[in-house]
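**Q** Please build the complete structure, drawing on both the sequences and the hints.
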Amino acid sequence: MERVEQERTEYITVWFWLVALLLAGVAVMALPVSKLAALALIFSIATIKAALVLRNYMHLKSESLFIMVVALVPVLLFIGLAIALIPDIAMHR
Amino acid sequence: MGSIELSANADAGASSARDPQSTGADRLLRELPIGKIAIWWFLASEIMIFGGLIACYVLMRIAHGGWEAEAAHVKWQLGAVNTLVLVTSSLTMILAHYSVERDDRGAVSRYLGITVILGLVFLGIKTFEYRTDLMEGFTPLSGMFWSFYYMMTGLHALHVSAGIVINALLFAMARRGTLWPRVQQRVEFAGLYWHFVDVVWIFLFPLLYLT
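Residue numbers (this note's numbering), protein chains in the order written: chain F, 30 to 122; chain L, 57 to 267.
Just so you know, not all the hints are guaranteed correct.
Heads up, simulated BS3-like pairs for lysine-lysine below, C-alpha to C-alpha not over 30 Å straight-line [said to hold, decoys possible]: (1) LYS182(L) x LYS64(F); (2) LYS131(L) x LYS64(F); (3) LYS131(L) x LYS92(L); (4) LYS90(F) x LYS92(L).
To be clear, the hints were calculated from the coordinates, so they are not data collected in a lab. As the structure is a prediction and not an experimental result, all values here were calculated from the model.
**A** Below, the structure written as structure tokens:
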């Protein structure tokens, strides 16, 4: 029962972090940094937010290796697809 | 019921360890509910759909000089509010799952109901945003940025709609008391889908509104 209570606190704490990171992501737009640095910050924040949801709300932290592989392989595939197409699309003017 | 299944699984596991014919797939199916494998398999296909779309968008945006003028017309304030709504709905969904573990039936239906309402709020804000964009003359044919914008947010909104239908069904079943006894898996699998929709939006928001 104590473990279940602890889980509830954890879920609410994660929500506060998600809101804080949302505000941080929006605040980056007002920072006097280069476009590239702003993009890096914004997408780093988005990745942390996604990881928080995946790890805590989707319980990937306690899932079996098989489920983790099922989730990770398509991510690697589409990142690979994007990288492979960069010379053809993004650099082709 | 759970402990009986658990002990049956443990017995099967022990006998399979002695059984030379037992395969890795046999062991996997004993350790994981088939429904969980199915939902994650489905989510993997969804990752490829949204991932492919996002990859195309990023590549085309780099190739066409950034589309900064077009992106400046998107209302990031509405996108931020919608992110807050969806993130909060993820919290209420996981709290519904948590209430299942505590066997608090009233809380399960309450949190499922709030999740449905928040989903509808998300769609309401999105509809308002579409209406404003269209009235300003930004249609899906106004350029490549707008084509991607309507395609990506529209596909996501369709997924939100499907999630609302699933959660509304669970809510109705919870109110009638027919959600039990398979409540654990039903709420968990619906939750996995709903959180996935949230994760997709977490990336769509900066891609379309903040860059």
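**Q** So which of the earlier hints does this model not fit?
**A** 3
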